[in-house]
Amino acid sequence: MSPSSPSAAAAAAAAAASSSTTRRHRWNMFKSIVNGAKKLAIGDDANGAKPAADELFPKVNPEVDGEDCLRDCEACPTHYPKSFKIDEDDNLYGQIKGWSTHVLVATGKADWVRDVADEKGSVMQAIERAEKPSNGKLMLSASNIPTPHHTSDYSEPTTVLLLPALTVIENVTPASAPALITQYISKSAPLIRKELERHLRPLGLYRDLDDERPGGVGIYFISHVGGHKYSANVMIYRRPDAFGLDGTDGADQSAPVQRKDPTRDGEGGDLGAAQCIWLARVWPEDCEGIVKFEVLRGKVRKPERQLRGGFDRSRGLMSW
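Sequential numbering of the sequence shown, starting at 1, is according to the UniProt record's numbering.
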């Protein structure tokens, strides 16, 4: 059968239509999940008054959490280079714009152009150009989450993670031009990851990029958020009472860390993230305290200096 025959043309048209239908189905599924994420993030009532920094998340208290709760790691072996300068004067809290859904696109690498939506033919660009979801602002980030084929080739199928729903969409196929390395990511992000990993490993909680065991902590690079002058930015998405320590005193070192299976909540579904704690001006010596309080207990050590905002679904609070 020659390529120009009517049968061949019909077969080609049918294949193209099928491919188009599949793409539309995947996109409609994606939009459906995104449109439902607002209730997961902030509940049904999005008009509540903005809480003060010390109301959004509980602040550590030396009388309750121990004298070391406000101390940085004195023996921290990791340091930023002397040339690393950030803004220490601006008021951080309450300055971020609200978001309903945070989309992380797996790229298998950690170097991107400043605005990842500018990468031609990429999933990021497709999401940016598509019709906006009806539930509010969508925050878009590229991530170093591994791609299904463990390659950074953007022509290969990739994965999208939706937060706070903690929902994974697989087999998304983008195409992209090479990205440029971001200066501050190369300086601060690997150092922060190194220190967070150092303090999570003894607790049995560290999960590398290919470790899908439940009940741990994954650390992912994402593209530019929040301004380099406030580096390093750290966004902590926490499941409800993720380690059985919410409400406990940091001074109680005997309290066991519980590695829960998030897919077994007793209600028939995954509840997603209950909190997002967005910190800035994070230095390596902060990481010990961040693991002990922000990650394990949902408490904030330095809201006046580091807290940019976030939400707490369990109390119906958000910073915007």
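Some hints here could point you the wrong way.
To be verified - BS3-like, lysine-lysine: derived pairs with alpha carbons at most 25 angstroms apart:
| hint | residue 1 | residue 2 |
| --- | --- | --- |
| 1 | 85 | 302 |
| 2 | 50 | 194 |
| 3 | 120 | 109 |
| 4 | 97 | 50 |
| 5 | 85 | 194 |
| 6 | 229 | 85 |
| 7 | 229 | 97 |
| 8 | 194 | 97 |
| 9 | 109 | 302 |
| 10 | 137 | 50 |
| 11 | 97 | 59 |
| 12 | 137 | 97 |
| 13 | 59 | 137 |
| 14 | 82 | 302 |
| 15 | 302 | 120 |
| 16 | 97 | 302 |
| 17 | 120 | 137 |
| 18 | 194 | 137 |
| 19 | 194 | 229 |
| 20 | 194 | 82 |
| 21 | 50 | 109 |
| 22 | 194 | 302 |
Hint data in this document are derived by calculation from the structure and do not stem from the laboratory.
Practice task
Go through the numbered hints given earlier and state which of them the structure violates, listing their numbers in rising order.
Solution key: 2, 8, 9, 13, 15, 18 and 21
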